[in-house]
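Asker: Take a look at the letters that make up each chain.
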Amino acid sequence: MTTLSIDHVSRWFGNVVAVNDITMTVGPGVTGLLGPNGAGKSTLINMMGGFLAPSTGSVTLDGQQVWRNETIYRHIGVVPEREAMYDFLTGREFVVANAELHGLGAKAAQKALATVEMEYAQDRKIATYSKGMRQRVKMASALVHEPSLLLLDEPFNGMDPRQRMQLMDLLRRMGDEGRTVLFSSHILEEVEQLAWHIEVVVAGRHAASGDFRRIRRLMTDRPHRYLVRSSDDRALAAALIADPSTSGIEVDTAEGALHIQAVDFGRFTSLLPKVAREHGIRLLTVSPSDESLESVFSYLVAA
Amino acid sequence: MYDPTVARLTYRALLGRRRALILGALPLLLIAISLAVRGLAGADDQTAADVLGGLALATMVPIIGVIAGTGAIGPEIDDGSVVYLLSKPIKRPTIIYTKLIVAIAVTMVFSAVPTLIAGFVLNGNGQQVAVAYTVAALVASIAYAALFLLLGTISRHAVVFGLVYALVWEALFGSLVPGARTLSVQQWALAVAQKVSGGDLVTSDVSLTTATVLLAVVTVLATWYAGQKLRSLTLAGEE
Chain L
-13 MTTLSIDHVS RWFGNVVAVN DITMTVGPGV TGLLGPNGAG KSTLINMMGG
37 FLAPSTGSVT LDGQQVWRNE TIYRHIGVVP EREAMYDFLT GREFVVANAE
87 LHGLGAKAAQ KALATVEMEY AQDRKIATYS KGMRQRVKMA SALVHEPSLL
137 LLDEPFNGMD PRQRMQLMDL LRRMGDEGRT VLFSSHILEE VEQLAWHIEV
187 VVAGRHAASG DFRRIRRLMT DRPHRYLVRS SDDRALAAAL IADPSTSGIE
237 VDTAEGALHI QAVDFGRFTS LLPKVAREHG IRLLTVSPSD ESLESVFSYL
287 VAA
Chain W
33 MYDPTVARLT YRALLGRRRA LILGALPLLL IAISLAVRGL AGADDQTAAD
83 VLGGLALATM VPIIGVIAGT GAIGPEIDDG SVVYLLSKPI KRPTIIYTKL
133 IVAIAVTMVF SAVPTLIAGF VLNGNGQQVA VAYTVAALVA SIAYAALFLL
183 LGTISRHAVV FGLVYALVWE ALFGSLVPGA RTLSVQQWAL AVAQKVSGGD
233 LVTSDVSLTT ATVLLAVVTV LATWYAGQKL RSLTLAGEE
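If you read the sequences in order, they're chains L and W.
At position 169 of the first sequence (counting the first as 1) the number is 155 in this note's numbering, and the numbers step up by one without a gap.
At position 78 of the second sequence (counting the first as 1) the number is 110 in this note's numbering, and the numbers step up by one without a gap.
Note that these hints are calculated values from the structure, not bench results.
Glycine is no exception: its CB is placed at the ideal position from the N, C-alpha and C atoms.
There's no promise every hint is true.
Claimed, not checked - Estimated spans, in silico, between C-beta atoms of each pair:
(1) L/R60 x W/V252: 27 to 35 Å
(2) L/D48 x W/L204: 54 to 62 Å
(3) L/N1 x W/G211: 36 to 44 Å
(4) W/T241 x L/G49: 50 to 58 Å
(5) W/V252 x L/D7: 39 to 47 Å
What the hints assert, rightly or not - Result set (SDA-like, lysine to any residue): computed pairs, CA atoms no more than 25 Å apart in a straight line:
(6) W/K123 x L/S44
(7) W/K261 x L/K97
(8) W/K261 x L/T46
(9) L/K111 x L/A100
(10) L/K117 x W/D111
(11) W/K123 x L/K111
(12) L/K93 x L/E79
(13) L/K111 x W/L53
(14) L/K111 x W/R44
(15) W/K261 x L/K117
(16) W/K261 x L/I58
(17) L/K111 x W/T79
(18) W/K261 x L/S(-4)
(19) L/K97 x W/S113
(20) L/K111 x W/Y43
(21) W/K123 x L/A100
(22) W/K261 x L/A39
(23) L/K111 x W/A39
(24) L/K117 x W/G48
(25) W/K123 x W/I133
(26) W/K261 x L/E69
(27) L/K93 x W/S113
(28) W/K261 x L/A100
(29) L/K97 x W/G48
(30) L/K111 x W/S113
(31) W/K123 x L/N55
(32) W/K261 x L/W53
Said to hold, decoys possible - If you only want the chain W side, here are some residues facing chain L, beta carbon under 8 Å, derived:
(33) R50
(34) D111
(35) G112
(36) P121
(37) K123
(38) K261
(39) S264
Turn these sequences into a full structure, and let the hints guide you.
Answerer: What follows is the structure in structure tokens.
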């Protein structure tokens, strides 16, 4: 059982606050660290991995300080976001070197390469690898010593769907084995597919924490705005406003569109096509006008 | 204190990239110049001392030292791949110590060996000039490697600072301001070389005792401090 504790951690660079008084506990299983780009996820992961000192607060792994403590790496595996990784070595040489640095041998390296299914390309130079292959070799280098805590910074970036699925399966398996796995992502769907526990960070602050279903509900229960264009905007507006799932509709004559505020996301999305069909109205455009992740996050922060 | 895996990664990085071309080009240039001088002017002890002192020791050794010393760690810190060394249960000073050994070895091979060859080409080691300057190059390699490894650990512009130190301080400033010579790796190395040659062709402004003490202090302090800096090296995120 490995527990990573982040206790009132802040980190600033000059007068820019990257991480602002975050407290969280990461236990066994897969945890997703979700937040828009620039939210402070990498800074937080760097502090968790002992590569950055917190300006205030402490990061401990089962009670042991992480910063300036090399022995802690017997228990931590790190998959950094950055690409650079001794490109002049072959994949096998790279993973073997990582194993040796842990005091292990080629056998451990081979096992890790098999785990990430990279044996077929292990004798090629890393410089020739695709992004997904690099990611898997990085993963192998982090797994050689079978760490109880695995930290991954944006591991799915640049992976194709198949590689993404493979890595997700692998991480899920590691979580099921009782390891503590934490990965960061700015893509909600990614986090949702993999993690049962989510920590949300926005603008350096800890915005939400908990079960992904609860967070998903927070995200979907908020008022949604839609921009709709149809063959008869006024008729559609009249029909929609009769239903309690909408709370306001503006007929924008200049734009030739409707701005609809829906309060019940699920009900509204099934209502709209039904109403249109019943009234013989053709829908030309239906687009959520505030679906950007940032707007979802800012809603969460306010909640 | 010494980790063979760190050493292997370091020397492969040093000798595998374009760096190796520069490392190889300077010694070849020195030998080519020596051949030309010998061909044009014949064997002359004073000329040999001038070429080895002015070109090999004052210019080539510090430049090789900059390339090997900063190159042993700087690029890894720059591109972030050092994280694969830092995320291991290895004492950070061990990483520095190992990299120092590699940097010293590379500097010695690419500076002392060509100096010896050039010396023999120039005057067939007359008055022990070739051996004396080779010893100077060996001694200077140690101090330069340590200094520039530290520079590579603390600055992203290590190569620039290193070259400025090597060329401006050692070559230019040292020849204009007498006091600056006391604080010059080149002069310390010459003090040791003077002892070896025994003649008056190789001279230093610094006494052998002062030189030895300063060489040891600079090497040890630079290495220790680089280890400390690596212990608190922070890898900032890209965001």
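Asker: Of all the hints numbered above, which does this structure not satisfy? Sort the numbers upward.
Answerer: As far as the earlier hints go, 7, 11, 15, 17, 21, 28, 29, 33, 38 are violated by this structure, in ascending order.
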